[in-house]
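> The primary structure of each chain is shown beneath.
Number of protein chains: 4
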Amino acid sequence: MAGNSFGKAFRITTWGESHGRAIGAVVDGCPPGLPLNEQMIQQDLDRRRPGQSELTTARKESDRVEILSGVFEGRTSGTPVCLLILNQGQQSHRYDHLRDVFRPGHAEATYYQKYGIYDHRGGGRASARETAARVAAGAIAKRIIGERGIEVIGYTRRVGAIEAETFDLQAIEGNAVRCPDPFRAQEMAELIQQVRDAGDSIGGLVEVIARGVPAGLGEPVYDKMDADLAKALMSINAIKGVEIGTGFDVAGKRGSENNDPWVFENGRLRTRTNHAGGIVGGITTGEELVVRIAVKPPSTIGIPQKTVDRTGRTVIVTPGDADAKRRHDPCICPRVVPVAEAMVAIVLADHFLRQRGLRGDAFQTEKAS
Amino acid sequence: MAGNSFGKAFRITTWGESHGRAIGAVVDGCPPGLPLNEQMIQQDLDRRRPGQSELTTARKESDRVEILSGVFEGRTSGTPVCLLILNQGQQSHRYDHLRDVFRPGHAEATYYQKYGIYDHRGGGRASARETAARVAAGAIAKRIIGERGIEVIGYTRRVGAIEAETFDLQAIEGNAVRCPDPFRAQEMAELIQQVRDAGDSIGGLVEVIARGVPAGLGEPVYDKMDADLAKALMSINAIKGVEIGTGFDVAGKRGSENNDPWVFENGRLRTRTNHAGGIVGGITTGEELVVRIAVKPPSTIGIPQKTVDRTGRTVIVTPGDADAKRRHDPCICPRVVPVAEAMVAIVLADHFLRQRGLRGDAFQTEKAS
Amino acid sequence: MAGNSFGKAFRITTWGESHGRAIGAVVDGCPPGLPLNEQMIQQDLDRRRPGQSELTTARKESDRVEILSGVFEGRTSGTPVCLLILNQGQQSHRYDHLRDVFRPGHAEATYYQKYGIYDHRGGGRASARETAARVAAGAIAKRIIGERGIEVIGYTRRVGAIEAETFDLQAIEGNAVRCPDPFRAQEMAELIQQVRDAGDSIGGLVEVIARGVPAGLGEPVYDKMDADLAKALMSINAIKGVEIGTGFDVAGKRGSENNDPWVFENGRLRTRTNHAGGIVGGITTGEELVVRIAVKPPSTIGIPQKTVDRTGRTVIVTPGDADAKRRHDPCICPRVVPVAEAMVAIVLADHFLRQRGLRGDAFQTEKAS
Amino acid sequence: MAGNSFGKAFRITTWGESHGRAIGAVVDGCPPGLPLNEQMIQQDLDRRRPGQSELTTARKESDRVEILSGVFEGRTSGTPVCLLILNQGQQSHRYDHLRDVFRPGHAEATYYQKYGIYDHRGGGRASARETAARVAAGAIAKRIIGERGIEVIGYTRRVGAIEAETFDLQAIEGNAVRCPDPFRAQEMAELIQQVRDAGDSIGGLVEVIARGVPAGLGEPVYDKMDADLAKALMSINAIKGVEIGTGFDVAGKRGSENNDPWVFENGRLRTRTNHAGGIVGGITTGEELVVRIAVKPPSTIGIPQKTVDRTGRTVIVTPGDADAKRRHDPCICPRVVPVAEAMVAIVLADHFLRQRGLRGDAFQTEKAS
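Protein chains in written order, with the numbering used here: chain A, 4 to 372; chain B, 4 to 372; chain C, 4 to 372; chain D, 4 to 372.
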């Protein structure tokens, strides 16, 4: 009810505040026998952590994950996996002057109205730091679906008005923006630097695709694959929109151009086009899954902003010094990429494990040819 | 696990196929003492049913709802409310020739791959007929939140390239498109007629707003208000995208223009602008909730389409005669409006009832001024 | 949250009041392809319905079940199965004089304190009539596990001080008490008649066994097989205790006599004794499942009882005439038997479907020999 | 689905193996503003931990709890509370010779059949060590309901054939057996010592009562208060039976003696007797809650036992030396007491928070006088 869990068959529960002792996740429903160690998880965490490049925050957080349970002699045992990431290097005193302030775009005000209490240090539970726990849990999900040949790949598609035009998936990790178009990546990087220099921030689009997804995943009606993806992705901090396949462009389409005709190709049922983004009726078609999310410009900026505090007094929020400016991300897209991948992987793992639970193999009298 | 339920504190479970005996919903968690009768629900159902106007399908479905349980002497009793809508006038024989066909854009193929069996008549469970049960359940949700002064209003914002420019909420039910801009509504209606005459269909955008929403609804992290809205709306047939507030346009924004500063106004905490669409950190701010969904062009069209059947044979799908063309909607936006309203109301009722369960009133030592 | 659903992978939701229009159940998670028709369900319903024998209530309720959804051409389609039982022959006027009365042992008082409103006619939602919906849903569960060779058998083990001493499962349906010991059954029947003639009621014990249960069902920790059975059975009206295997007698046992040693028999892992009742660590061992429940004497009796009404006035509750006495069960055990079987079958089906969802077959590197 | 969580509005998720790095619990749904620190939790943990008295295992486990999240400046913040207990002093090598052995009464065999893998050290996840996490979470639940005047008290009622005859609740913590009858406590202690000296173990009964419970808690039908208590308690290691109020003795009762008549006393609705144990129709009456559980004799004993190992070979299980005998509990009742209290408190807190979520105060037109 309090909403700190996600998933049904593969279920994660996260906990922890930005400046508390630690954050972490409990993963329940991981199948037994899966090879798992900390290094496998650390790889993804390193893609999310602060300080990776010039374009991201200069804060130092090593984000070392520890597996506290659920793994025996290098393999999962079917029991819950608890993942722990100690908080280190938090400089809580930096937030002392913000103790009572409702920062524009930040959640202190809504937490206060909901709970009557909130941890003001570094955003508390509302901090994007919580997404480190998602990435750790998502690394396990990736392993589960990876064993079935499913691969999840995310990238920055757009920053401001600059959009990728070529899609070389090998190029993604080769630039700090995580853009599959190396030329546009360069322009994006320059734009981000300009925005940072102006003390401002900028939004963008992240796209995630999944390959090798079998047909038949997703539950019709409320737990449609696209519905669960929408929830999973919209629950990430800073996300204001989710679209599948053609997405919002369907508003201008005719049925005759948007429909994807079915074909048999090498004995396998496919669609000739994939406007649907790999999902029809809430169930995967076996085509590539394609989902895009709108990423807002980070709320923390260097430009002074007028707002109010708890007592109703008008205050100006502004970072104290030049250094502070560098402690926040001018564009969060590069660091959203691993988080979005994690959430897509979690949804796929969840539906993969749900599907195995509900398919009536023994009863079936006919099969798709 | 099989996904036919939605919500936690206010929970709906729907059932039924397009051409089965009946469809319906069970609503669990409705508070006791709420005045409720069939007429209150019928009003919303009448806004969704086929045959309302020239622009929608000419099929006749009266969609009379019956309350089978949970109401005693005109008030809810706290026990589950079962809502029944008998299926009448279904012409299943019209689907005989489609028995083995995988229609483009339709879900026969994915159901078949998931279950090995499907009801081909009128789309079976994948039919948008299921949304009548949502509208019925949503009418109860509207009553619950209506008692607290929350009002949910939906409308067609765009059809093809034509977008509303004025927003007179009183005008919405005055035109067949359900558009708040009467001039654009006329143009939209003409476009829909043209598309229908061409045997084609067209997409659009539906927008839903909610007024009077108190601050503090929504659970941070996974059950954020926006995340639950995204799931609820993306689970509606034909929806391919969901956005909140500024939505996808955040990609091009700077933080300095997108942030909503907090202000105190008449002793109430508000935001000066509402780019966030009424939600910050997953929790409502008290400002107007604003959400938009992308509605694809209906998959059933009059133009012949090449596809395959179960045996792998290539077939041409085409309505048998001119009359058949009129049995489907060229643009589904006007009928999506009440469904989208229902889902928004269900999410709000659910979070309203969850909030009351978790707020620690007795413990609170300080209150927002 | 409102508690009208049970199960996770195989999930039932029931609704309906004793004297409302109908009662019913929605079964979500039924695997596709299972042969199902109304007659299969009716058989179990007929074992529960009133008026089967001299020993039960003389009320006439035909309890005809209708399948409204989820079955296509004689097989389940993977979509939810809605089961409807219309209420017929209810004589609500018989309850007019009880409108404000809190009957001893009945739930009007607690419903009133919880909800501030209740349906006084025939017990409303608190009536054991709700269990007809469980039996209908349980009939589907029995089919699912029956396909895997699991059989669930219930019987009356004790009435008052008379306990079965022989266990001929073939004899159970041969007597009105549903006792596997035909001699004791006769004594039990006589006792029940005496109790009825005295205007009183009497309690008993019902035992349910399940055969053919595979090892490995049940989730360790909170969703242990025994924990879920305890909840399922304790949720039945009139049940005040649940025990597994040796049950409460373990209080007087030594570990050396209570432990069940493991043995290999014909290549299969078994226990030499079965004090555990087929469950160790919350997981089935493959031995016979054995569970017993304590059934209280029905609260409705012919003897006048002093109690209070809503206004605080002391009143005497008494059936109006001799006929009324016959409208209630002096001992509910015979009719609890099919309900208890249904709940055990539902738990087994649920865990069977959950197990298939979580077992990491593909990862396993070693197998039990 | 994997069953490591319990509760809906107040939800605990536990994780950890007996000889892993740590065990712990995540508590989601704790209301904000509740004073909470580690010492408050430690008190209950100290009542459960090994080595408290001569009668329990001599193992040394300090069981220090750390709060990792969810508490800000001494009060809960509404975010999840993660509780960590590091495992210390585990002597895993003591289990080396048991690596492949299926110990009688223990769960290695069923885990192996379920998962194909298990942690053999100290029982792994099946160890009663998991209950320390329940006790820690339960301490929070006790605080929540304690604020409303609800008190939960457990005690050993019976060991072997010796049963308490006087019930002085002040006496419970004054003896090592936790029995409210000091004379019987002495006899129980002697019996336990004899059993230990014989290398054996013995079962018993634990009773838990709750005082100050308001009327109206519990959801009718499946989430009845008694059904949830039955599940919660049956999920504790070593429990084989649960009964409420009169419990199994109802089998021999008449309705006329078992019914509890309603009375008004000092303006409050009560029952004159409390055979029902404080619950009618699944909803609390406001009378004392009374529940009893059957506790089996611990499976680990000093007497050699014949069993098999994974390869099918017959083996004799026996503790290696005299010291080993002292590392296990001859009677687990005294240490079950705080665990049972914790589970009852968790169920009450859960239903308390659920009730607040569903009661339709605003709609109610009439109130119990």
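Certain hints may be false.
When chains are identical, the list treats them as one kind, so a pair holds in a single copy or across two.
[To be verified] Here are the computed lysine to aspartate or glutamate pairs in the DMTMM-like style, where the Cα-Cα straight-line distance is at most 25 Å:
#: 1; residue 1: K309; residue 2: E193
#: 2; residue 1: K309; residue 2: E190
#: 3; residue 1: K63; residue 2: D312
#: 4; residue 1: K63; residue 2: E176
#: 5; residue 1: K309; residue 2: E268
#: 6; residue 1: K309; residue 2: D171
#: 7; residue 1: K63; residue 2: D99
#: 8; residue 1: K309; residue 2: E291
#: 9; residue 1: K309; residue 2: E64
#: 10; residue 1: K309; residue 2: E76
#: 11; residue 1: K309; residue 2: D99
#: 12; residue 1: K309; residue 2: E260
#: 13; residue 1: K63; residue 2: D49
#: 14; residue 1: K309; residue 2: D252
#: 15; residue 1: K63; residue 2: E268
#: 16; residue 1: K63; residue 2: E41
The hints are simulated quantities; they were obtained by calculation from the structure and are not laboratory data.
> The structure should be examined with respect to each hint, and the outcome stated for every one.
Each hint tested on the structure:
1. K309 / E193: neither (29 Å within a copy, 48 Å between copies)
2. K309 / E190: Classified as neither: same-chain Cα gap 32 Å, cross-chain 43 Å, threshold 25 Å.
3. K63 / D312: neither (29 Å within a copy, 51 Å between copies)
4. K63 / E176: within (20 Å within a copy, 50 Å between copies)
5. K309 / E268: Classified as between: cross-chain Cα gap 15 Å, same-chain 60 Å, threshold 25 Å.
6. K309 / D171: Neither, since 43 Å and 33 Å both go past 25 Å.
7. K63 / D99: Result: close within a single copy only, 20 Å intra versus 43 Å inter.
8. K309 / E291: between (46 Å within a copy, 22 Å between copies)
9. K309 / E64: neither (30 Å within a copy, 55 Å between copies)
10. K309 / E76: Classified as neither; 56 Å inside a copy, 28 Å across copies.
11. K309 / D99: Within one copy, since 18 Å is at most 25 Å while 66 Å is not.
12. K309 / E260: Cα proximity of K309 and E260: across copies only (13 Å, versus 49 Å in one copy).
13. K63 / D49: within (12 Å within a copy, 39 Å between copies)
14. K309 / D252: between (37 Å within a copy, 24 Å between copies)
15. K63 / E268: neither (51 Å within a copy, 40 Å between copies)
16. K63 / E41: within (20 Å within a copy, 30 Å between copies)
In this structure, the hints that do not hold are numbers 1, 2, 3, 6, 9, 10 and 15, in rising order.
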